[in-house]
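Chains as they are written, first to last, in this note's numbering: chain A, 1 to 149; chain B, 150 to 303.
Any given hint could be a false lead.
[Stated by the list, open to error] Within a straight-line C-alpha distance of at most 27 Å, the following computed BS3-like cross-link-like pairs (lysine-lysine) qualify:
no., chain 1, residue 1, chain 2, residue 2
1, B, LYS211, B, LYS187
2, B, LYS162, A, LYS55
3, A, LYS107, B, LYS242
4, A, LYS55, A, LYS37
5, A, LYS107, B, LYS162
6, B, LYS242, A, LYS94
7, B, LYS211, B, LYS242
8, A, LYS107, B, LYS154
9, B, LYS162, A, LYS37
10, B, LYS162, A, LYS94
11, A, LYS85, B, LYS242
12, B, LYS162, B, LYS242
For the record, the hints were derived by calculation from the structure and aren't laboratory data.
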Amino acid sequence: MVKSAGQFAAFAQKANALLRPRLSTPIVLQFQEFIEKARRLEPKPPPEVHLNEFKRFADASIPMAVASIKQSLPAITERVRLASKWLTDHDLLKLAGFRYVENSYTKLMAWALAETTHPPSALRRQRAWMISLGLDEAMCGQNPCLPET
Amino acid sequence: MDFGKFAIVVEAKTASYEHAAPSGISQTLAYPSAIARKLGRPIEDIEMIYISPDGHEAQNEKATMTTFVTFALSLASVLETEELPPDTRTAYKMVITHFLTTATTSSASVRELITRVAGWSLQPDWTDDRRILHRLHDLAEAATILLSEPKHER
C-alpha cells in the first residue's frame, strides 16, 4: 500500500518503467502514426448533389405521368367498375389450391366459354373473347363452338 | 375450339415459359400444324392463342399473346347484362375473381386495388390533376393490370 508522496512517486516511476516498452511496440507506434496522419487530413467538402437537375427532371416528368394516366382514366374507370361487380370476397379457387395450375386453367376457360354453361350467352361470350384478342368476331360464325380440352 | 371455318388452339402457361412439344418443336409452332393435320384443314385456318399471366411472347411470331385478365374482362363485359341462374353467376364470379386477382404477375393485392380505384372513380375530383398525382402509383398499377392489350403480328 502507498502511504506517502514519496512512496507514490517511487511506485509511479516503477510503473512507467514497466509500461514504456509495451507502449512502444511496433503496432502501437504504427497506430499512433496513423492517428497523427489522420489528424492532418483535411476534411473533404461534401459531394456535390445535383438537386436542381433532379428537381427539373421531376418538374418535367410528373405532369407527363399525370397526363398519361389522365388519358387512361376513362378506360380504367370502365374496367375497375366492371371488375368490381364480379369480385367475390375471397378467391375460392386459390384457397382450393388451383393457383397457377395450367390444366385446370384450360378447363376453366373451356367451361366459361362452353355453350352448355349458359346457352343464351354462348355466342356472345365466344365473340367477346375473339374481339378482346383483336381477332375477327366473324370467325365464330353463327353458332357457338364446342371448346375441347 | 373449332368454329367450322376456323379453329383456335389455346396454349395456357402459368408459372413457366413455352417448351418443346414431343416433336421437339416449340409448342406454339408445333400445335397449329398438328391440329391442321388432325382436322384436315390448311394451317392458315388455325389460330394460335398463347395465354399467360403476363402475356409474354410466344415462340410462334404469328400467335396471339394474351392474359387471363383480358379473358376474365371479356366474360365480365358480356355477362354483365345477362340474366344468369344464381349458381351459374356465382361460378362465373369465382372464375373471374381468380383470373383477375391471382392469375396475374402483379405483386399488388389486386382485389383491394380494384375496389379502391373503383371507389375513387365515383368521387367528383376523380380527374383532378392533384388527385391523380397523389394516386399515381395505384392508378399506374391498375392500368398495367387491366389495360394490357393482346399482342400479335398481322
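Hint-by-hint comparison with the structure:
no.: 1; hint: B/LYS211 / B/LYS187; result: holds (20 Å)
no.: 2; hint: B/LYS162 / A/LYS55; result: violated (43 Å)
no.: 3; hint: A/LYS107 / B/LYS242; result: holds (16 Å)
no.: 4; hint: A/LYS55 / A/LYS37; result: violated (40 Å)
no.: 5; hint: A/LYS107 / B/LYS162; result: holds (13 Å)
no.: 6; hint: B/LYS242 / A/LYS94; result: holds (13 Å)
no.: 7; hint: B/LYS211 / B/LYS242; result: violated (32 Å)
no.: 8; hint: A/LYS107 / B/LYS154; result: holds (23 Å)
no.: 9; hint: B/LYS162 / A/LYS37; result: violated (64 Å)
no.: 10; hint: B/LYS162 / A/LYS94; result: holds (17 Å)
no.: 11; hint: A/LYS85 / B/LYS242; result: holds (9 Å)
no.: 12; hint: B/LYS162 / B/LYS242; result: holds (22 Å)
The structure fails hints 2, 4, 7 and 9 (numbered hints given earlier, in ascending order).
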